Structure formats: C-alpha cells, structure tokens
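Engineer: Each chain, written out:
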Amino acid sequence: MTWLIWRQHRAEVCVLGLLVGMFGIALLVLGTQAHDLFPGGPARCAGEAGINEGCAASFRRLDEDFGFVENLLAAFYLVPVVIGAFLGAPLLARELEDGTWQLAWTQAMPRMRWLAAKLAALAGVTVMLTALFSAVLTWFRQPFDAWEGRFQYDAFDLEGLVPVAYALFAFGVATVAGAILRRSLPAFGVAFGAFLAARMSVALLARPAYATPLTTMEPVPVGGSTDQAGNGTVPSFADWTIEHGYADATGRKLSGTEYYELEGAANQAGTNFNQFLHARGVQQFEVYHPADRFWTFQLMEAALFVAVAVVLIGVVVWRVRRRIV
Amino acid sequence: MTETEFALRTEGVGKRYRKGWALRDCTLTLPAGGVIALVGPNGAGKTTLLRLVVGLLAPSTGTVEVLGHDVTASTPHTLSRVGFLAQDHPLYKRFTVAEMLRFGRACNLRFDQGLAERRLAKLGIPLDRRTGSLSGGQQAQVALALALAKRPDLLVLDEPVASLDPLARHEFLQVLMGAVAEGGVTVLFSSHLVHELERVCDHLIVLNHGRVTLTGDIDTLLAEHRLLVGPRTATDLDRAGAVVEAVHSDRHTTLLVRDGALPTAPGWQAHPVALEDLVLAYLRRPSEPSATVPSGAAA
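Which chain is which? The protein sequence lines are A and G, in order.
Following the numbering used here, the numbering of the first sequence begins with 1 at its first residue and continues without gaps.
Following the numbering used here, the numbering of the second sequence begins with 1 at its first residue and continues without gaps.
Just so you know, the hints here were simulated from the structure itself, not pulled from any lab data.
Check the hints yourself; a few may be wrong.
Heads up, incomplete: computed chain G residues facing chain A, CB under 10 Å, no partners named [said to hold, decoys possible]: (1) R51; (2) R81; (3) R94; (4) A106; (5) L109.
The structure displayed is predicted, hence computed values, not measured ones.
The C-beta atom is built at its ideal place from N, Cα and C for all residues, glycine as well.
Could you build all of it, start to finish, from the sequences and the hints given here?
Structural biologist: So this is what it looks like as structure tokens:
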C-alpha cells in the first residue's frame, strides 16, 4: 500500500517538497544574514531593550536590507492551502474522474482500509511539509518579531501552529469537495475559495474574541501625545491593539463627529487641544490583547481549524463507508 | 470449487439514486459455473446491478449474496474471490503495465503474477509501456489479465467489449472463454450485443427499466418459447398469459408464446425462436410490476 500511495502521489509530493525546499533554503540564507545583525540574538532587543542604541541600529539595518523580504512574506499566506488542497483534491477525485475507484475498491483491500491508509499518508505529508515551512518562517521572522510583535497578520498567520491547522483544513475541504464533485480541479478551486473565506472571517471576526481584551483608560495628558512614550500602563508595540480612541469623563467612547466637534471648539477657544481635552476630563482608551497571549491564541485558532478539518474528513469517511461514492 | 452451488443470489434488491430507482425488486439465483449474460438497453440498470454484485454500491433494499457471503460486508476474503472489470476497463493511465501488476500484487491476498505475465506475453503487450499509451483492446486485455490473476471464483465484467473494434472484441472473448475453459470461474457480464451471446453464454438475464423481465438457462428458454404464425385475428389471444408478443401483418398474426411447446392449434404453424428475437421481444414489452412470466398452457 505504501508503494501504491507513493506511486500515485509522488508527483504532487515532489513538486510541493521542491517548493517548500526552495523557499526554505532562501529563507535560511537570508535569515542567517538578518540574524547576524543582532550579535546577542534578536530576542535580546525585544520589548523595552529595543530602544537602546545598538538594537535601534540593528533594527534600522534590518529594515533597510530585509524589509523587502518581509513584504514578500505576505505571498506565503497561500502556502498552506496550496499544500493541503494539492494533496487532498486528487485523493478521491482522481479515482472517481478516471473510474479507477472501481479498480481500487474491488481488490482484496477493503475500501475503508484503503481510505485510512491514503488519508493518514497524505494528511501526514501535509502536516510535515507545512510544519517544516512554518518552522523556517518562524525562525526567519525572529528579528522582525522582536521589532513588531507576533500579533500582526504577517506574523501570527505564518508562525507557530496555525499554518499546519490551515493546511489540514484545506486538505479536508479539498478531499470532501473531490468526493462530491468527482473532479480534481474544481475541488482545488473550492478548497481555495473556502480557505480564503474561512481565514479572512476568522482572522477579522473570531480571533479578536478568543479572549476578553484588556482596556486601558487614562486622562489625556496635558503635554500632548508625545508624553505617552515610556508610560508603563500604555500597551506596548508587541500587544495587539483592537481599538483605540477617546472617551468622555464617564468612560463613554466618543464618536468621530464628537471628536471633531471638540477639536473645533478648542480651535475657536484658541486653546491647546490637549489641554482643552484634559480640562474636560476626556480620556484616551485602548482595547488590546497583551503579547503573552500569543500561544493561547495560536492554540485556539489551530484547534478551531483542526476541528473543522476532522469534521470534513469524517464526512469523507462516512460517504465512502455508506458507498455513496 | 466453491462451497455453495450458487454464484450469486439476490433477494428483492433495489437501488435508489437521488433521481429515482435504478433497479427494483431484483430477485435472482445464478448457478456457479458457466457464463451468464446480462442484457438490456442503455439505462436499464445493468451497471447498477453489477456494481451491487461486486460491492461497489450498497443496495437500498434487499440483500446480495455472492458465493454464499453477504457482499456488503466487504471482507478481504469475499473481495479476493470476486474479480471485476468495470466499463471502459479503467487502469491507472500513468502506471506501466508492470506497475499495474505490482498494484494487483500489493492489493490482493492471492495474485498469480506469472499467469498475468504469461497472458500478456502471449498477446505481445510489453510490460514497460504505460497503460495510457496502449490501444483500447490492449488496455482491456491488461484489465482482464489483472482480474484473472486474482484467480476469482466469480468474474464480473461490465460491457467488456462495447468499446472495442471487432478484431479486439474477438480476441478479448477468446481469452475470456479460454479462461472459463481452464478453471471453474463463473462469469457474469453485461452486454447490449445480443447476437454474440448464443455462442458463449449458458444463462441469460434480461433487464429493462430497472426490472428483471426474463431470466433462465438459455437452452431452456429457447425450448420454452415458440413463434406461432396463423391467420390474422384481432381477438384477445392471450388466454393463459402465455403470449409474450403479438405482431399483426395484413394477413397474418405472429405470436411469441412461452408455452413449453404444447401442441399447436389448428391453422397455426410453430417455429423455433432465435435468441436475439426472444430478447428483443422481452425488451419491447412495456414495463410491468411482475418480473416473472407465468409458464401456463395455451392450446
């Protein structure tokens, strides 16, 4: 059976392996150079330490020399769906397309054993390739993370556990779609669409709600916005800010129009805006998730996508078991 | 050869797809040994019935028993005793012939690689060619060699020669019948070519509109049916339900009757019926709920 699975899927596995290998080597080469900018390791410059002169210089060089690479990383959002859907779509669809399911399931190997072996092998390859890919990327991004935190979309979505979960989700969708549509290419398309829709809605709607965000609320300082730096209670750059703005003395959030009305009133009165706000008891607020929630959020999002993947695989197993395909 | 005398037994088998019933009330008992032909027009439910027999589909109603075992259980033991050649003889197109044989060896409890290699060598099919690059006839032969190498007790073939040219068709049937002669394999195959059946088949099943309209041993069926030709008459002739079909010309009436060769009424002449005409007469009959034709007397 191992031989059969390899023989049937070696083309996909080789292409994907080559792809991940090429990206991996490129990132390792560039990443080594980027890491070399930080003599004590990038972690040393994270947080408050990033302000010191040596780290600031390192970050400047990082931005100048490797900023472009970081911008290119956005293209890697699609790597998990390419891996998962490329391996999942043909699993059943190709057999149904070519009629060879009638050949495969009339040999002495019962179809459930056949399906279990295929699912295990191809989901295994999906996990392995994506894990390799995200491990290299997580390492590559260490200097950037020290600078920007890990909650940005181009960090959180590419690092740690979630890429593997995304890939398994894509694998599940592609396999189910292949079983229902009986065609590999449309199944791949469906997986692509479902991946984009699920990823976007989860990242924008579900992810901020994994835990209750923290809120800071404090009066507007008299000296103006530059005073904020160094204030310990204000969230740091590594935290994930969901919302920020102004609130009145009772803590009610001010709308945009109310803010501009206040600004107009301050201009008419000819006073400094910050002093004007301070005198009225206006407060600044910020809603955020602290940086140390990174792994909790990773686990929750990974669990969400893996759970959906398990349900989808369950549908495939059910269909094959009931001989619907 | 087998511990049961029946190769296949179905009891009230039906299969419903989303668009409706493809097969209804199919009750069959087929003896082991010999060649069984399943005939019917396109869309009659032949493929559905064969897929049910090999366990590719599960019946919506009824039971399918192959070689004494419930086929839906799909145990390796049952699967290994049934060979199946699907319509258009699917193969992994990017595999070489040798890789197809390796596939058979990997997925079966018993697989006679030597037998398959000998058959292919005799036909001059090279093992290192990709199956996708072989001719249709050669692909069919590879698929057949693969199915026969399992040394099945029941070999099921779905329209095995439909897509082949006359020469390839002849060669294919020759190899198939050679295999039947060699060992005690029961062959069940579907076809819509009726005229070739008489030569190769022992048993017949006629399927129309998802129902079995005729089944039996071919020699017995031919002995039971006769064509009666007499003066044209418009009266109801089907006194005992024995008339399968009545055809009226200007002066004569021709009746196909299933009466077990009873004496002919005065003024009527009896003729034997050809298998093809018999099958066509049953296919022309409007579908009706009763699957069996009463073999009552008409004198």
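Engineer: Against this structure, judge whether each hint is valid.
Structural biologist: Structure-based check of each hint:
1. R51: holds, 8 Å
2. R81: Because about 9 Å separates R81 of chain G from the closest Cβ in chain A, which is inside the 10 Å limit, the hint holds.
3. R94: holds, 8 Å
4. A106: It holds, given that the least Cβ distance between A106 of chain G and chain A is near 6 Å, below 10 Å.
5. L109: Since the shortest Cβ distance to chain A is 5 Å, the answer is holds.
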